[in-house]
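Asks: Sequence:
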Amino acid sequence: VSSKFLRLASAVFVRMLSPCFEEVHELLQDDHVVIELEDNDPSLMELIMNILHYQADSGEHAVNAEKLARLATHCDKYDCTRASSTWAATWFTKPEERKPPRPQYDFQLLAAYLFNDRSHSSKIFKAATSELESSRSAQWPQENMLALLPESVSSRLSAIHFRMTLTTNIL
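So for the sequence shown, my numbering puts the first residue at 136; every next one is plus one.
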């Protein structure tokens, strides 16, 4: 892994690779250093490193909605969502090819939100409003990873679903 690539991709890596970190002193003396990134999924970190080093191929990594959301949270944590957005945009199209079960809409929405992908956010939000159960959207803030979604998103989904249910019952 090249520290130069990492610093170009993320302000977080700039800080992590600054002289304040003990590992950087080792890096200056030796070309190889190990920096422990605890509380991270190793396979997702490997994928992020491949992306940041232009070594990733979107076709060789199977990414379902939950994995895409987890990838987005890792990219958000290390401030490299912008550097990863090209690959993310490719992966967003794959969940759309096969209609996901309802619970995956929340993961897709979270990934689109974290990758700041407005086009996919809008498509996913529209699909979710017509198919998600209001009880599912009410549970989002209770789930650890999905709590990253703004409360306004969950509230809007609940309100839209309520209006749709009310309209259906009246007719």
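It is worth saying that the hints were derived from the structure and are not from the lab. Mixed in with the good hints, there may be bad ones.
Okay, derived cross-link-like pairs now, DSS-like style, lysine-lysine, Cα gap no bigger than 25 Å in a straight line [to be verified]:
(1) K212 - K202
(2) K258 - K202
(3) K212 - K139
(4) K261 - K202
Please read these numbers as outputs of a predicted model, since none were measured by experiment.
Asks: State for each hint whether it applies.
Replies: Going down the list of hints, with the structure as the test:
1. Proposed proximity of K212 and K202 is supported: the alpha carbons are some 15 Å apart, at most 25 Å.
2. With a C-alpha separation of about 19 Å, the suggested pairing of K258 with K202 holds against the 25 Å cut-off.
3. With a C-alpha separation of about 19 Å, the suggested pairing of K212 with K139 holds against the 25 Å cut-off.
4. Our distance criterion of 25 Å between C-alpha atoms is met by K261 and K202, whose separation comes to about 21 Å.
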